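There are 2 protein chains.
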Amino acid sequence: MQSLRVALGERAYPIHVGAGILGEAALYAPHLEGRTAAIVTNAVVAPLYLARLHAAFAACGARVVDITLEDGEQAKRWETLDAIVGAMLAARCDRRCVVVALGGGVVGDLAGFAAAVYQRGVPFIQVPTTLLAQVDSSVGGKTGINHALGKNMIGAFHQPLAVIADVGSLATLPARELRAGIAEVIKHALVLDASFFEWLETNIERLRAGDAEALTHAVLRSCELKAGVVAADERESGLRAILNFGHTFGHAIEAGVGYGSWLHGEAVAAGMVMAAELSARAGALDPSTVARVRSLVARAGLPVAGPRLAPERYLELMTVDKKAAAGRIRFVTLASIGRAALRDDIDLAAARAAIAACSPSAAAAQ
Amino acid sequence: MQSLRVALGERAYPIHVGAGILGEAALYAPHLEGRTAAIVTNAVVAPLYLARLHAAFAACGARVVDITLEDGEQAKRWETLDAIVGAMLAARCDRRCVVVALGGGVVGDLAGFAAAVYQRGVPFIQVPTTLLAQVDSSVGGKTGINHALGKNMIGAFHQPLAVIADVGSLATLPARELRAGIAEVIKHALVLDASFFEWLETNIERLRAGDAEALTHAVLRSCELKAGVVAADERESGLRAILNFGHTFGHAIEAGVGYGSWLHGEAVAAGMVMAAELSARAGALDPSTVARVRSLVARAGLPVAGPRLAPERYLELMTVDKKAAAGRIRFVTLASIGRAALRDDIDLAAARAAIAACSPSAAAAQ
Numbered sequence: 021m022q023s024l025r026v027a028l029g030e031r032a033y034p035i036h037v038g039a040g041i042l043g044e045a046a047l048y049a050p051h052l053e054g055r056t057a058a059i060v061t062n063a064v065v066a067p068l069y070l071a072r073l074h075a076a077f078a079a080c081g082a083r084v085v086d087i088t089l090e091d092g093e094q095a096k097r098w099e100t101l102d103a104i105v106g107a108m109l110a111a112r113c114d115r116r117c118v119v120v121a122l123g124g125g126v127v128g129d130l131a132g133f134a135a136a137v138y139q140r141g142v143p144f145i146q147v148p149t150t151l152l153a154q155v156d157s158s159v160g161g162k163t164g165i166n167h168a169l170g171k172n173m174i175g176a177f178h179q180p181l182a183v184i185a186d187v188g189s190l191a192t193l194p195a196r197e198l199r200a201g202i203a204e205v206i207k208h209a210l211v212l213d214a215s216f217f218e219w220l221e222t223n224i225e226r227l228r229a230g231d232a233e234a235l236t237h238a239v240l241r242s243c244e245l246k247a248g249v250v251a252a253d254e255r256e257s258g259l260r261a262i263l264n265f266g267h268t269f270g271h272a273i274e275a276g277v278g279y280g281s282w283l284h285g286e287a288v289a290a291g292m293v294m295a296a297e298l299s300a301r302a303g304a305l306d307p308s309t310v311a312r313v314r315s316l317v318a319r320a321g322l323p324v325a326g327p328r329l330a331p332e333r334y335l336e337l338m339t340v341d342k343k344a345a346a347g348r349i350r351f352v353t354l355a356s357i358g359r360a361a362l363r364d365d366i367d368l369a370a371a372r373a374a375i376a377a378c379s380p381s382a383a384a385a386q
Numbered sequence: 021m022q023s024l025r026v027a028l029g030e031r032a033y034p035i036h037v038g039a040g041i042l043g044e045a046a047l048y049a050p051h052l053e054g055r056t057a058a059i060v061t062n063a064v065v066a067p068l069y070l071a072r073l074h075a076a077f078a079a080c081g082a083r084v085v086d087i088t089l090e091d092g093e094q095a096k097r098w099e100t101l102d103a104i105v106g107a108m109l110a111a112r113c114d115r116r117c118v119v120v121a122l123g124g125g126v127v128g129d130l131a132g133f134a135a136a137v138y139q140r141g142v143p144f145i146q147v148p149t150t151l152l153a154q155v156d157s158s159v160g161g162k163t164g165i166n167h168a169l170g171k172n173m174i175g176a177f178h179q180p181l182a183v184i185a186d187v188g189s190l191a192t193l194p195a196r197e198l199r200a201g202i203a204e205v206i207k208h209a210l211v212l213d214a215s216f217f218e219w220l221e222t223n224i225e226r227l228r229a230g231d232a233e234a235l236t237h238a239v240l241r242s243c244e245l246k247a248g249v250v251a252a253d254e255r256e257s258g259l260r261a262i263l264n265f266g267h268t269f270g271h272a273i274e275a276g277v278g279y280g281s282w283l284h285g286e287a288v289a290a291g292m293v294m295a296a297e298l299s300a301r302a303g304a305l306d307p308s309t310v311a312r313v314r315s316l317v318a319r320a321g322l323p324v325a326g327p328r329l330a331p332e333r334y335l336e337l338m339t340v341d342k343k344a345a346a347g348r349i350r351f352v353t354l355a356s357i358g359r360a361a362l363r364d365d366i367d368l369a370a371a372r373a374a375i376a377a378c379s380p381s382a383a384a385a386q
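Sequence order for the protein chains is Z and U. The first sequence begins at 21 in this note's numbering and counts up by one. The second sequence begins at 21 in this note's numbering and counts up by one.
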């Protein structure tokens with residue numbers, strides 16, 4: 021097991037990464053002794069890991085309340101949050117209780133937001149069981165639900181007490197979801213760490229094969245990189261926005277095709293290729309680097325082209341994104357591998373061209 | 021106009037109190053210039069004050085979005101919050117927008133919570149138009165909605181940028197609601213300031229008559245007292261709980277008779293008399309002081325007796341209150357006028373006796 025600390029002053033917390041650590045009582049004991057733990061999970065994860073977490077919590081002397089949600093992104097709505105709060109109230113959870121998120125990004129977003137608003141805020145622990153959640157959504161304190169008019173439009177910044185990332189749990193993850201998680205790993209390397217990107221170029225097949233040692237390194241390094249950014253800009257007033265590399269295009273893809281048909285990581289993968297293309301067209305990035313980005317994304321088994329969607333539809337969808345300040349589209353661009361920049365002066369013609377270069381037909385021609 | 025500052029470090033904010041200040045653009049300008057202001061109000065308050073606020077905001081160069089809710093406590097539910105968020109998204113409010121709460125406690129709780137969770141948090145300004153909101157709910161950052169299983173069970177601590185309390189707006193307030201607000205003024209004096217209590221004993225009739233000078237003093241002093249407590253204990257981990265004096269009994273009254281039939285302030289008024297009786301029975305307070313409390317509450321036109329509700333039903337309702345730690349009932353008691361204490365060692369027999377002493381029949385016999 022390896023550990024790191026997210027430096028957020030009085031909200032600082034540890035991230036533990038390793039194979040088989042999910043059931044280690046010692047990791048939970050400091051937070052749970054003599055308390056009630058409300059475990060929020062879903063119907064897919066519960067049969068796999070809930071019993072092990074129960075045993076660990078029992079060893080900590082915690083009272084346990086189970087709350088099992090439906091699986092899937094559509095669970096991120098008011099009704100589910102209300103059900104979590106209702107179950108906690110029915111079980112008489114008081115302000116000293118701890119919410120535990122056991123599952124992927126959806127469970128973490130819902131459980132974290134429930135913890136943020138339950139009786140105006142109780143602590144929570146993340147036990148992410150998908151790669152996407154381990155390398156991205158469980159770190160940084162973003163929680164929330166969707167609104168009919170936009171994804172993640174309702175939520176809170178609420179930092180966990182601890183994150184326990186067991187790469188052993190990735191063995192039960194469908195291959196497609198593992199690949200989707202790798203997209204965010206690539207993103208962290210692209211915007212922050214050239215040598216990590218080189219490591220990925222060497223080790224991408226080990227990651228796809230589920231090698232525990234490679235996964236531990238990738239998760240830990242991703243968390244370190246993200247934690248550094250979060251510590252510098254907890255509430256996304258500036259720097260943190262670079263972590264949205266590929267996400268402006270990616271969110272447009274997800275919204276354009278309807279949430280759920282593309283996985284978030286898949287949309288981000290194609291979005292990163294578009295953002296690299298855009299960077300080159302804006303004169304910021306060497307075209308050979310775009311090819312390196314495209315190549316690694318393809319080797320990860322991720323899409324390098326977007327869906328059939330008109331460039332104008334992308335632009336329309338991107339202007340309602342919540343990172344768009346005052347109606348302008350702010351893009352995260354690359355200057356080189358490992359160095360990103362925020363730009364709100366990009367000519368929309370360049371964006372159209374980047375989208376066209378990543379259209380299904382352009383990809384077929386390559 | 022008089023002003024004070026709530027000392028919360030980087031979340032510090034001013035409270036301005038005066039007659040006719042609601043339309044003063046200079047008070048809003050520092051927060052609104054070049055931004056979008058989403059004014060959340062209700063159908064009763066809008067015809068009275070919305071036009072004046074609009075004119076003030078126009079003078080600040082702000083774009084204004086109006087969101088008018090239904091009136092009443094039942095509005096504090098998910099659906100209303102969702103409607104506020106939906107209206108803000110439809111109007112393309114970005115993260116730089118400011119939510120403005122124009123109305124009483126319900127509007128403040130809803131608008132504040134919407135601001136806390138809209139795109140993970142945007143700032144807000146309180147423009148309270150009821151006495152209860154001016155002296156209590158607009159100060160301290162508590163926001164939230166109700167759950168079917170309990171009041172204010174879902175919410176956030178979210179401090180405003182500023183509070184603009186125009187006592188002129190109390191002229192349009194029904195007399196019953198003015199009296200309900202006076203209950204919280206009395207509470208602040210009782211737990212924190214003996215000389216303010218004496219001032220109230222002298223000036224209670226001026227307050228009930230709506231005298232602007234007396235109201236300005238009462239609102240300002242209440243806010244100062246509450247702000248001092250909030251500054252010392254923002255998230256209610258200790259000291260702040262003394263502001264719940266009368267509320268443990270009061271919440272039981274509201275829940276027992278069904279929310280809405282008693283106003284919150286009325287329930288708190290009877291609850292304060294019960295808490296004073298309890299303090300005397302626990303040996304903490306002189307019986308003659310209980311008589312002073314009862315007398316001032318009665319002169320304020322507020323109930324000194326609870327509804328017809330069995331003592332056991334009170335105890336049952338009080339143990340689910342969110343201030344109850346680990347199943348125990350924690351009471352706020354008085355040691356003398358101006359001095360409160362938290363007690364979780366109170367014999368429930370004393371609580372039963374205090375409730376009985378404030379039953380409708382006991383009141384009739386006095």
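Just so you know, these hints were derived from the structure itself, not from any lab. Note that the coordinates shown come from a computational prediction; the quantities given were computed from them, not determined experimentally. Heads up, some of the hints might be wrong.
A pair counts as met if it fits within one copy or between any two copies, since identical chains are not told apart.
Claimed, not checked - Listed below are the simulated EDC-like cross-link pairs for lysine to aspartate or glutamate, each with C-alpha atoms no more than 16 Å apart in a straight line:
{"hint": "1", "residue 1": "Lys171", "residue 2": "Glu233"}
{"hint": "2", "residue 1": "Lys171", "residue 2": "Glu93"}
{"hint": "3", "residue 1": "Lys171", "residue 2": "Asp114"}
{"hint": "4", "residue 1": "Lys171", "residue 2": "Asp102"}
{"hint": "5", "residue 1": "Lys171", "residue 2": "Glu218"}
{"hint": "6", "residue 1": "Lys171", "residue 2": "Glu44"}
{"hint": "7", "residue 1": "Lys171", "residue 2": "Asp367"}
{"hint": "8", "residue 1": "Lys171", "residue 2": "Asp253"}
{"hint": "9", "residue 1": "Lys171", "residue 2": "Glu90"}
{"hint": "10", "residue 1": "Lys171", "residue 2": "Asp213"}
{"hint": "11", "residue 1": "Lys171", "residue 2": "Asp231"}
{"hint": "12", "residue 1": "Lys171", "residue 2": "Glu244"}
{"hint": "13", "residue 1": "Lys171", "residue 2": "Glu221"}
{"hint": "14", "residue 1": "Lys171", "residue 2": "Glu225"}
Going down the list of hints, with the structure as the test:
no., hint, in the structure
1, Lys171 to Glu233, "neither (34 Å within a copy, 49 Å between copies)"
2, Lys171 to Glu93, "within (10 Å within a copy, 29 Å between copies)"
3, Lys171 to Asp114, "between (30 Å within a copy, 14 Å between copies)"
4, Lys171 to Asp102, "between (18 Å within a copy, 13 Å between copies)"
5, Lys171 to Glu218, "neither (33 Å within a copy, 55 Å between copies)"
6, Lys171 to Glu44, "neither (35 Å within a copy, 37 Å between copies)"
7, Lys171 to Asp367, "neither (26 Å within a copy, 51 Å between copies)"
8, Lys171 to Asp253, "neither (22 Å within a copy, 35 Å between copies)"
9, Lys171 to Glu90, "neither (18 Å within a copy, 27 Å between copies)"
10, Lys171 to Asp213, "neither (29 Å within a copy, 49 Å between copies)"
11, Lys171 to Asp231, "neither (33 Å within a copy, 50 Å between copies)"
12, Lys171 to Glu244, "neither (26 Å within a copy, 41 Å between copies)"
13, Lys171 to Glu221, "neither (32 Å within a copy, 55 Å between copies)"
14, Lys171 to Glu225, "neither (32 Å within a copy, 53 Å between copies)"
Violation of the numbered hints given earlier is confined to hints 1, 5, 6, 7, 8, 9, 10, 11, 12, 13 and 14; the remaining hints are satisfied by the structure.
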